[in-house]
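A.B. asks: Sequence:
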Amino acid sequence: MDNGLRKAIRLPGMIAMAAGGMIAAWMVEIKYWFEVGGGGAALSLLTCAILILPLCFMYTELTSMMPYAGGQNIWITNAFGFNTGFASCWVIMLLYIMAMPTVSMGIASMLGYLFPITATQIKIIAAVLLVLWYFLTNFELKLLTKLQNICFWSTLIVAVVADIIFICSGKWSFSNIEWFPNGFNGYTAGIGLLIMKFVGFDLIPQLSEEANFPKKHLWKAFLGALGCTVLVYGLAVVAIGGIVSLDWIDSVNIVDPKVADFLGLHWLGILIVVMGVLTCITTLSSFWLSASRILYGAAKQHQMTSKFAKLNKHGQPQFANLIVGIFSIYFTIFAPEAWVNYIYVIYGVAAGFVYLLVTLSFLKLRKSHPEWERPYKAKAGVVMGIIGILFCAWILWTNGTAMGKAEWIVLLIYLAIGLILWGYAKMMQKKKPEEWAPVVINPETVSKEEAKNIVQ
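Counting along the sequence shown from 1, when you hit position 302 you're at 304 in this note's numbering, and nothing is skipped either side.
No wet-lab data here; the hints were simulated from the structure. Wrong hints could be hidden among the right ones.
Stated by the list, open to error - Computed cross-link-like contacts, BS3-like style, restricted to lysine-lysine with a CA-CA straight-line distance of at most 25 Å:
(1) LYS433 x LYS302
(2) LYS218 x LYS369
(3) LYS366 x LYS302
(4) LYS125 x LYS407
(5) LYS432 x LYS312
(6) LYS312 x LYS434
(7) LYS407 x LYS33
(8) LYS434 x LYS309
(9) LYS369 x LYS381
(10) LYS173 x LYS260
(11) LYS428 x LYS309
(12) LYS433 x LYS309
(13) LYS432 x LYS309
(14) LYS432 x LYS302
The whole structure should be built from the sequences, with the hints applied where relevant.
C.D. replies: Okay, structure coming up:
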């Protein structure tokens, strides 16, 4: 059994995993995008991606400086201490765990295009998928990255080709696109709400310890993943919006394949569904791996039980994977039928909170530890930080005001569970001070040998 995570992810694989975390069941979710911003959702997506760029550069600098599994939790703990780091860890877990029902139910819903399926059957299929994926995540990561590479890059090609076919069908017209049915408010709301579709670029820090390429090139993974996401989503909105009306979109349960049927291209509809399922598989892998790495990093810092840091013979945190699986199945079974809107706003609040803490940590660590080596250093750091703070504030406001009673109840219950776990950690620090003494992972505390293995 190895003492550390294995370096098995090359740059294309890292892009595939990060973009795979962003590109998921859009053919089910795209109805919501059109409801919020019409065809203007494409511009909201592009604007959101541009505003995320400063975060990407800040993430790259922080990851290259501290490329350890646990990512944001470790940066925030270094900047603001154990308690704030624990809070960030628990909220990041919420981001990743709630992706599981989104993806697994997205897969099951897409299968409904091929054969009749009930809501109960969708949940059963989703739960079975999660059980199967639990076993797969416990094998050597090299196998999973190969599968991820094949699935992601092939589905990316199919998605782009399908949209080009839509545009060249003879029934597409730029004048058919209803750009802003809700006016400027729809456009700005889309910028805040669609942040969920970019939760995935932040998977890179979680997997950085397993990266098999120089950390100074991590920015390429961030930009590559972001570019692929904007291309797939933006092109889909434009291609669909130029053919069918908003009312037509609202009347179907799965959009892209139905558009193919509308054009008399049922074979393309089937291909799109197969492509969508494969894409969701890559998304499921990305979030699952990152969720387990969050627990792994928390255990290393004595924020959680040391069981999360134990690796099996394949170099995988098996107990962490098990807990991720249990939470995933739980949220899948109890997810409401109207899960798209429900998950979007909770995601937005959690993402805004985490990204805000990361931005503040970036600014603080530049002042408190300028001596720490940064293989990549973002230019105009202060300007990047200000843009990041304003953007995060907008995300929090947009999604917070869109949350209903049910969403707030779910969020508060989850936070209450986190508070209990935090209390347990503090109690264990008193009962077993040596075993639970807070550990802050940074360039000064990681041994030279460990640092050499991680950075190379």
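A.B. asks: For each hint, tell me whether it holds in the structure or not.
C.D. replies: Results for each hint:
no. : hint            : in the structure
1   : LYS433 x LYS302 : holds (18 Å)
2   : LYS218 x LYS369 : holds (21 Å)
3   : LYS366 x LYS302 : holds (23 Å)
4   : LYS125 x LYS407 : holds (24 Å)
5   : LYS432 x LYS312 : holds (23 Å)
6   : LYS312 x LYS434 : holds (19 Å)
7   : LYS407 x LYS33  : holds (23 Å)
8   : LYS434 x LYS309 : holds (15 Å)
9   : LYS369 x LYS381 : holds (15 Å)
10  : LYS173 x LYS260 : holds (14 Å)
11  : LYS428 x LYS309 : holds (17 Å)
12  : LYS433 x LYS309 : holds (18 Å)
13  : LYS432 x LYS309 : holds (19 Å)
14  : LYS432 x LYS302 : holds (18 Å)
Against the hints set out earlier in the document, no violation occurs for any number.
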